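First to last, the sequence lines map onto chains S, R and B.
Under the numbering used here, think of the first position of the first sequence as 1, with each following residue one higher.
Under the numbering used here, think of the first position of the second sequence as 1, with each following residue one higher.
Under the numbering used here, think of the first position of the third sequence as 1, with each following residue one higher.
These aren't lab readings, by the way, just hints derived from the structure by calculation.
None of the values given here were measured: they were computed from a predicted structure.
Incorrect hints may have been included.
Cross-link-like lysine-lysine pairs, in silico, DSSO-like; alpha carbons within 30 Å at most [said to hold, decoys possible]:
1. 178/R <-> 55/S
2. 79/S <-> 441/R
3. 441/R <-> 66/S
Pair ranges (Cβ atoms, derived) [as the list claims (entries may be wrong)]:
4. 111/B <-> 196/S: 29 to 35 Å
5. 197/S <-> 76/B: 17 to 23 Å
6. 152/S <-> 141/B: 37 to 43 Å
7. 141/B <-> 59/R: 32 to 38 Å
8. 153/S <-> 15/B: 31 to 37 Å
9. 219/S <-> 76/B: 37 to 43 Å
Think of the CB as a built atom: it goes at the ideal place given N, C-alpha and C, for glycine as much as any other residue.
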Amino acid sequence: MKKMTRVAQRGNWRKESIVPYLYILPSLVVVISVLILPILYGSYLSFFDPILGIKGMKFIGLLNYKKFVTSPEFLNSLKHSLQWAGGAILGGSIMSLMAAMLMNERYRGRNFLRGVILIPWVISAVTVGLVWGWIFSGSYGLLNNILWRLGMVKNIDDILWLSNPKLVLLICTAIAVWRGFPFGAIVWLATLESIPDQLYEAAQIDGANRFNRFRYVTWPELKPAFVLVNIVGGAAVFNSFDLIWVLTKGGPLRYSEILATHLYKVAFWDFRIGAAAAISVIMFLITLIFAVVFLYLTHRKEA
Amino acid sequence: MRSIKAKKELIVAFILMLSLVLALGGSAIAQNKIVYWHNEGGNVVLFPQMKEQIADFEAKNPDIKVEMVHIGWEIFRTKLRLAVDAGAGPDMAEVGYDTPVVYVGLGKAFCVDDYFVKTGLKWTDFAGQLVDSATIGGKHWAMPWRGDTRAMWLRTDLVQQAGLSLPEDDTWTWEDFKAFAKKLSNPVKGIYGYGFPAALNDQDTFCWFQPILKAYGGDFYDAAYTKSLLNNEGAVKAFEFYASLVNEGIAPKDVVNWQRSDMENMFYAGRLAIMQDHFGAGTAMRTKNAALGTKITAIKVPRGPVKKATFGAGVLHLGFDKGKAQNDITWKLMEYMSCNFDVQKQYYNEKDPATGLLTVHREPALRKAAVMEGDWPYPGDNIWYEKVFMTESKYGEAPPKIVPREGFGVNEPIAMALQKMLIENWSAKQAADFAAAGYNKQLAEAIWYPGKK
Amino acid sequence: MLEKEGGLTRQIFLSSITGVLISLILGPFYWMVVTAIRNVNEVTTLPVKFFPRLFSLAGFRDLFGVGGLVWMKNSFILASFTLLFSLLIVIPAAYAVSRFNFPGSRVYLIILLAIRLFPGALTVIPLYKALHTLGLLDNYPALIFTYLGLSIPIPILILQTFFHSIPRELDEQAMIDGCSRLQVIWRIIIPVSLPGIIAIGTYIFIVAWNEFMYPLIFLQSDKLKPLQVGIAGLTAYYGPEIYIDRMAGATFSVVPVIILFLCFNKYLQKGLTSGALKE
Chain S
1 MKKMTRVAQR GNWRKESIVP YLYILPSLVV VISVLILPIL YGSYLSFFDP ILGIKGMKFI
61 GLLNYKKFVT SPEFLNSLKH SLQWAGGAIL GGSIMSLMAA MLMNERYRGR NFLRGVILIP
121 WVISAVTVGL VWGWIFSGSY GLLNNILWRL GMVKNIDDIL WLSNPKLVLL ICTAIAVWRG
181 FPFGAIVWLA TLESIPDQLY EAAQIDGANR FNRFRYVTWP ELKPAFVLVN IVGGAAVFNS
241 FDLIWVLTKG GPLRYSEILA THLYKVAFWD FRIGAAAAIS VIMFLITLIF AVVFLYLTHR
301 KEA
Chain R
1 MRSIKAKKEL IVAFILMLSL VLALGGSAIA QNKIVYWHNE GGNVVLFPQM KEQIADFEAK
61 NPDIKVEMVH IGWEIFRTKL RLAVDAGAGP DMAEVGYDTP VVYVGLGKAF CVDDYFVKTG
121 LKWTDFAGQL VDSATIGGKH WAMPWRGDTR AMWLRTDLVQ QAGLSLPEDD TWTWEDFKAF
181 AKKLSNPVKG IYGYGFPAAL NDQDTFCWFQ PILKAYGGDF YDAAYTKSLL NNEGAVKAFE
241 FYASLVNEGI APKDVVNWQR SDMENMFYAG RLAIMQDHFG AGTAMRTKNA ALGTKITAIK
301 VPRGPVKKAT FGAGVLHLGF DKGKAQNDIT WKLMEYMSCN FDVQKQYYNE KDPATGLLTV
361 HREPALRKAA VMEGDWPYPG DNIWYEKVFM TESKYGEAPP KIVPREGFGV NEPIAMALQK
421 MLIENWSAKQ AADFAAAGYN KQLAEAIWYP GKK
Chain B
1 MLEKEGGLTR QIFLSSITGV LISLILGPFY WMVVTAIRNV NEVTTLPVKF FPRLFSLAGF
61 RDLFGVGGLV WMKNSFILAS FTLLFSLLIV IPAAYAVSRF NFPGSRVYLI ILLAIRLFPG
121 ALTVIPLYKA LHTLGLLDNY PALIFTYLGL SIPIPILILQ TFFHSIPREL DEQAMIDGCS
181 RLQVIWRIII PVSLPGIIAI GTYIFIVAWN EFMYPLIFLQ SDKLKPLQVG IAGLTAYYGP
241 EIYIDRMAGA TFSVVPVIIL FLCFNKYLQK GLTSGALKE
């Protein structure tokens, strides 16, 4: 009996050593052909000066990068991108966690909330932008209508929301949070649900209050998913362009211009592919730095 | 026995050969193809008409098959550019007035002069603004298809409410217009006299600004395309005038976020007394809503101290150079849709018996198909939007490529200049200088060759 | 979870917060649906009416007139096949990462993460050129293949953390009992992590359903358009119909997904409350 299992195990081991590679092979094929190769080619183009529609391009080294980094648009867009992404991550995390913890409790109305929570996330960014854009419209928006009816403003368009330089990015961020928090909420709800009650009971018996229960029981379980969702979600928000494009197109006067909208303009208004590729690479480097820093900060405590 | 079998085999072989010949021969009634990109798939009035016309064309030309592909204006420029770059572009496309020059500059379009000569028509038979946009370097590169002009649309109910009568639109100036619009404004009730798009968009913002600009003597470029005239005296006055519309409460501050649809929306709702728009806009609104039809009317665009200028535009058919054989075939469809008097007249030409105004969306490009003679609804002078790009190379030998901006890019400096006045309170002079700088930059960048700094 | 403490006050507190949250979520949704059935005369009139007096289905009429149903069918096809192939790829991959400590697994995960850090616009043009060269532009299988690139990295990352929390002893026990790896996945891993898989599946379907840029650029013919592309191209010629048409399209695009979600929601709750790991 033992002999057989040992032999069987050895045979299994040899077979087993290529099994993981087989399992990940399809995903590698997809990722390489659809993502990696195009990204490499695109980045390669960033060292040239191609314009869509014209044959021929010349190697210009880092000129695209230099031009962009020294342009006034760069700092402006970068600042806004950071505000936008940072605000969305922060607001989104808080909202997701709160919503997940809320849905984890038992009370009337919880099931209804669980039933509708994903609705904002389900609606496409374009539609979200159109609907909220309308709500916030200065001349005929829902919000201004309510304020006007309540007599809080004299003219219906006294307060401009998306045309107001000071408010525009804030409002866009809030809408992004509205749209994105449900996904985090359900991922964390699933994680919360998988924490056994006994752990909490044990902690309570040990005298831990609510905050400490969260810190020592809930948080460690949440952390992997938290890190993941925030890195990926953060990058997605940083790179996302649909929502702001539909709401303001980066306006007014570039007060809501983020790197992603500027990239779109360079790529599809100017058709300067090389310059656009350079901007993408810069955006990638920024998100990479952010991801590394974030990972470091959240895993440092474990060390 | 053998001979019967042999005969059978012969017969079978013969049948096979015959079917082979027929099959080959059938395809040798060569199916010539025209791939035609258009944007009217959502146009419930025009699209069925187009399909009918093309079916008719195919019936008259059994050896040609037309493949109609709806793209949609919003993505059209990008898709066309991508496709042409990759070699996947169409044979013929419905394009706006500012597109031919781009593809001529890229060397992708074919010249239609030789073909046109054979039609017996003259270029003056067509609406001037369209011929203008098809003319590059003295040659013609596209066929005008449908024309368009602008009107000032008025809410007669709001005019009546204010106790006013319709203005003398044959002689009124922009200043008269401003005074008139002011009397119609009632911001507390949410009603404004006039509104216009001033957001970033494909072209509407600067199209709306253009008549006022020209009326005061401003322009985009000088005749030789050496520099921008957007900051000459007249242009500064035009910027000032535009800003004063908002600052004096005639137009809402929110225009910086307005697209054309927002303006039309407000007009429709009775919150905007006057709007400038395509001639077809009002007729379309009227067609869809008979009650509204009794409350709106069209009057002519005002004139300025320098000249009376309206904005005219339209769409053309651009043929892409795919070699003479294919170009010959593509031309047939272009000719059919543009040079055929009956085709143009048949579909685009109806008058509302009550008002005498045209009830269709767009006017035909072929003037003699138009019902109304004279300069209304066509602009009296064909001054409108000249090509805001370089049209000729300044270089002697093998010219570098010309890369004119189109659409959004052209609109941007004007939209931003207007917004700077309205949001950051820049003076008209500052805004004008800013816009001029933007256009000068485009001029400098328009000539491109690989490696140019 | 712990028993209700503080009884009634807590209940009321939680319920009211939930109420606020629900109205915040449903409010815009309501506005979207209401606009879709609104009469065009009431779109910008003042004061705006929260509950429309005049109804009109013109928006939907326009939508179906230009092919709304065909678009929906297309979206379903694209999203369903993407879901199917994604799961087939993602589950074994996540399993491999969580169970085998094979050399390169770290790098693999990092690549998956890093890929998502790139802005989408960069891949569009090279992909377009490649697809054109291969003659695969108006082609669904090719398009689905590109969707996979968008839909598999994150699920692999998330699912492998789920699988990680399933004890290995379960696998080994089953293999000693004679199961192959694949049977282990099918019989043990999947049922136990079903909530996670359902969440991932939902994510994949929605990503594919809402995908806009790739079909916009890679598809040319009308009949192949998915819903998002079709709706975005709805341009009413002159007039406020543009809002109604767009909202009608948006409503139309959301309803089937919500129906699906409601179906899975019950399953999701059952899966969660059965407390998988307690077994």
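Hints, verified against the model:
A threshold of 30 Å between alpha carbons decides the hint, and for residue 178/R with residue 55/S the separation of about 50 Å lies outside it, so the pair is violated. Straight-line distance between C-alpha atoms of residue 79/S and residue 441/R comes to about 25 Å, which keeps the hinted pair within the 30 Å bound. Note on residue 441/R and residue 66/S: the hinted pairing holds, with a Cα-Cα distance of about 19 Å set against a maximum of 30 Å. Between residue 111/B and residue 196/S, the C-beta spacing of about 34 Å keeps the proposed range 29 to 35 Å intact.
Residue 197/S and residue 76/B have their C-beta atoms about 40 Å apart, which leaves the hinted 17 to 23 Å range violated. Our hint of 37 to 43 Å for residue 152/S and residue 141/B is violated, since their Cβ atoms are close to 56 Å apart. Taking the beta carbon of each, residue 141/B and residue 59/R are about 36 Å apart, inside 32 to 38 Å as hinted. Distance hint check for residue 153/S and residue 15/B: the Cβ-Cβ separation is about 33 Å, which falls inside the suggested range of 31 to 37 Å.
Distance hint for residue 219/S and residue 76/B: a CB-CB separation of about 40 Å, consistent with the stated range 37 to 43 Å.
In this structure, the earlier hints numbered 1, 5, 6 are contradicted, and the remaining ones agree with it.
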